[in-house]
Amino acid sequence: MIERRVSDPCVFVTAFIANVLAECPQAALIFERACSFLTREREAGGFFRYWKKGHHGQYVPLDVDDTALGAAALGKLGRQSDNRAVLLENRDPHGMFYTWIVPSRGRRHWRLIGRDWRQAFAPLRSRQLFASGRIERDDVDAGINANVLVWLGSFEGDDRVIDKLVEILRGGREPSCDRYYNDPFLILYMFSRALVGRSEEARSLILSRTSVSPEAPAIHVALAILVRSIWGAPIDEDWIDRLLLAQQPAGEWPIAPLYVASRERRGYLDFAPAPEKVWRVGSEAMTTALSVSALDRALAGREG
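Numbered continuously in my numbering, the sequence shown closes out at residue 304.
There's no promise every hint is true.
[Said to hold, decoys possible] Dumping the calculated DMTMM-like pairs for lysine to aspartate or glutamate here, alpha-carbon to alpha-carbon at most 20 Å:
{"hint": "1", "residue 1": "Lys76", "residue 2": "Glu41"}
{"hint": "2", "residue 1": "Lys277", "residue 2": "Glu264"}
{"hint": "3", "residue 1": "Lys76", "residue 2": "Asp296"}
{"hint": "4", "residue 1": "Lys52", "residue 2": "Glu32"}
{"hint": "5", "residue 1": "Lys53", "residue 2": "Glu23"}
{"hint": "6", "residue 1": "Lys76", "residue 2": "Asp138"}
{"hint": "7", "residue 1": "Lys76", "residue 2": "Asp92"}
{"hint": "8", "residue 1": "Lys164", "residue 2": "Glu201"}
{"hint": "9", "residue 1": "Lys52", "residue 2": "Asp8"}
{"hint": "10", "residue 1": "Lys164", "residue 2": "Asp92"}
{"hint": "11", "residue 1": "Lys76", "residue 2": "Glu89"}
{"hint": "12", "residue 1": "Lys277", "residue 2": "Asp8"}
{"hint": "13", "residue 1": "Lys76", "residue 2": "Glu23"}
{"hint": "14", "residue 1": "Lys164", "residue 2": "Glu215"}
{"hint": "15", "residue 1": "Lys164", "residue 2": "Glu23"}
{"hint": "16", "residue 1": "Lys53", "residue 2": "Asp8"}
{"hint": "17", "residue 1": "Lys164", "residue 2": "Glu89"}
No lab work stands behind these hints, which were simulated from the structure alone.
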């Protein structure tokens, strides 16, 4: 989204959109088609990686973010994924989930090789990517942890993840807590999905940050509506009108960056601002899914 637009087929975008539209009845057909794609892309044991199978891009290992989003979407249709034990083992000393699923990290991880022999070469194939410095083998990212929390629900040690996310909110560190998700509005949305019903303090902190300026892009208006609807808070009628007016002639909402390729790590769950030339990734489809879901929630039961 800086110098050129690239059509890049990847699992992540489809899994993200499927989760956004899962509770939107009018998008049921799109949701089911997305889940059919995810079923084809799911790897042994119920795991996913960023790019689709056969993609020409650089090899990337399995990761907990795509796995959680993909499994959560398929779970809505009753398609179970047997990845829980491996995910729960994929945690650091603070109880947070590592982003990357590395076969050598734990004894259960070796089962991945038993299910798919190609995983035996994952450490070797990942070496170039980790050596590039753009990502690290032991990455831990807060937005990604929120997505995993949504998928796994309650588990032993979930309080440690919850406490860490609330701590980030207390410090107002939403813009810097994740290597890839650098939009604070998107982080508030992800945290809301993970923490609703789990933390009243999070509710107060998040709702205090959902105001949108008159110049805010449509995607921020959509995310603000979604966040407030998740917590059962009133939605500004003006936001609904603004979002409706932002729809483009062909039916889409304006493209906006949802995540960046990478950011430099400054500390634990702390990343520097994204460089000017780093890849910023988004699509009209992702913005439109968020906008449709926001309007569906905001207009439910409303006359006219």
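Structure-based check of all given hints:
1. Lys76 - Glu41: holds (17 Å)
2. Lys277 - Glu264: holds (13 Å)
3. Lys76 - Asp296: Distance ~18 Å between lysine 76 and aspartate 296 Cα, so the pair holds.
4. Lys52 - Glu32: Roughly 18 Å separates the two Cα atoms, so the pair holds.
5. Lys53 - Glu23: Not OK: lysine 53 and glutamate 23 at ~27 Å, beyond 20 Å, violated.
6. Lys76 - Asp138: Violated - the C-alpha atoms of aspartate 138 and lysine 76 are around 30 Å apart, more than 20 Å.
7. Lys76 - Asp92: Violated, because 29 Å separates the two Cα atoms, which is more than 20 Å.
8. Lys164 - Glu201: holds (13 Å)
9. Lys52 - Asp8: holds (10 Å)
10. Lys164 - Asp92: Given pair lysine 164, aspartate 92 holds - Cα atoms ~13 Å apart, limit 20 Å.
11. Lys76 - Glu89: Violated, at about 24 Å.
12. Lys277 - Asp8: Status holds; Cα separation ~18 Å.
13. Lys76 - Glu23: holds (9 Å)
14. Lys164 - Glu215: violated (32 Å)
15. Lys164 - Glu23: violated (28 Å)
16. Lys53 - Asp8: Distance of about 12 Å is within 20 Å: holds.
17. Lys164 - Glu89: holds (18 Å)
The structure shown violates the earlier hints numbered 5, 6, 7, 11, 14, 15.
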